Each structure stands twice: as C-alpha cells, then as structure tokens.
Amino acid sequence: GIRVRAVPIKAMTLKKFLRIHGDKLLFASTVDHLFVVDHGVLIDPRNPSRNPPGLGRIVIQAWRAEKA
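Counted the way the working numbering counts, the sequence shown spans residues 1 to 68.
Source of the hints: derived by calculation from the structure; they are not laboratory data. Just so you know, these numbers come straight off a predicted model, no measurement behind them. Positions of the beta carbon are idealized from the N, C-alpha and C atoms, including for glycine. A hint or two may mislead.
[Said to hold, decoys possible] The calculated DSSO-like cross-link candidates involving lysine-lysine, where the alpha carbons are at most 30 Å apart (straight line), are:
1) 10 - 67
2) 67 - 15
3) 10 - 24
4) 67 - 24
5) 67 - 16
[To be verified] Label-pair restraints from in silico Cβ distances:
6) 54 - 1: 27 to 37 Å
7) 1 - 56: 26 to 36 Å
8) 47 - 11: 16 to 26 Å
9) 55 - 1: 10 to 20 Å
10) 65 - 11: 15 to 25 Å
11) 24 - 55: 11 to 21 Å
12) 68 - 13: 28 to 38 Å
13) 56 - 36: 17 to 27 Å
14) 2 - 45: 11 to 21 Å
15) 43 - 13: 16 to 26 Å
16) 47 - 24: 18 to 28 Å
17) 60 - 38: 12 to 22 Å
18) 39 - 12: 12 to 22 Å
19) 19 - 47: 14 to 24 Å
Can you make the complete structure from the sequences, with help from the hints?
Given below as structure tokens:
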C-alpha cells in the first residue's frame, strides 16, 4: 500500500516545483487539474508528451506518496 502526506508548499510555477521537489513521487494540483510527478517525470494525462506545455501553471497543493 501507499501512504499520502500533504507537502507544505507556497504557490509556485510548475517549472520551479519540478526543480525543487522533482526527486520524489508526488501528486500535485493546480486550480483545475491534478497530475503526478514521478522522480522528475511529469505524468499528465492532459499533456502526455515529454515536453508538456504549461510549465508556467501555478501549483497550489502537493502530496507525497510513500510506501506504507
């Protein structure tokens, strides 16, 4: 199983979020969207390409996934 814990962050761009928190497995959200960051790889069903648009989106919440 997994355990999910909130990560306290200040609102920041997705580009900055990836630079700071990209070494973990995280769920992150913007105002209207939820996606996964898996050790620096952005997994986003809305933008499946390797270089997705929208790195200027503002991340407002994040949760870290850990093994239970």
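A quick look at each hint next to the structure:
1. Proposed proximity of residue 10 and residue 67 is supported: the alpha carbons are some 25 Å apart, at most 30 Å.
2. With a C-alpha separation of about 26 Å, the suggested pair residue 67 and residue 15 falls inside the 30 Å cut-off, and the hint holds.
3. Among the hinted pairs, residue 10 with residue 24 is consistent with the structure: their alpha-carbon atoms are about 17 Å apart, no more than 30 Å.
4. The suggested pairing of residue 67 with residue 24 holds, with an alpha-carbon distance near 12 Å, which does not exceed 30 Å.
5. Restraint check for residue 67 and residue 16: satisfied, since their Cα atoms lie roughly 26 Å apart, inside the 30 Å limit.
6. In this structure the hint that residue 54 and residue 1 lie 27 to 37 Å apart at CB holds, the actual value being about 31 Å.
7. Checked against the given bound of 26 to 36 Å, the beta carbons of residue 1 and residue 56, roughly 35 Å apart, stay inside it.
8. A C-beta distance of roughly 20 Å is found between residue 47 and residue 11, which places it inside the suggested range of 16 to 26 Å.
9. Look at residue 55 against residue 1: about 32 Å separates their beta carbons, and that is not inside 10 to 20 Å.
10. One distance hint, 15 to 25 Å for the beta-carbon pair residue 65 and residue 11, holds here, with the actual separation near 21 Å.
11. One distance hint, 11 to 21 Å for the beta-carbon pair residue 24 and residue 55, holds here, with the actual separation near 18 Å.
12. Taking the beta carbon of each, residue 68 and residue 13 are about 31 Å apart, inside 28 to 38 Å as hinted.
13. Distance hint check for residue 56 and residue 36: the Cβ-Cβ separation is about 19 Å, which falls inside the suggested range of 17 to 27 Å.
14. Separated by about 19 Å at the C-beta atoms, residue 2 and residue 45 satisfy the suggested range of 11 to 21 Å.
15. A C-beta distance of roughly 18 Å is found between residue 43 and residue 13, which places it inside the suggested range of 16 to 26 Å.
16. For the hinted restraint 18 to 28 Å between residue 47 and residue 24, the CB-CB distance of approximately 20 Å keeps it satisfied.
17. Between residue 60 and residue 38 the CB atoms are about 20 Å apart, so this pair conforms to the stated range of 12 to 22 Å.
18. At about 19 Å, the beta-carbon gap between residue 39 and residue 12 stays in the expected band of 12 to 22 Å.
19. Checked against the hint of 14 to 24 Å, the pair residue 19 and residue 47 passes, with Cβ atoms roughly 18 Å apart.
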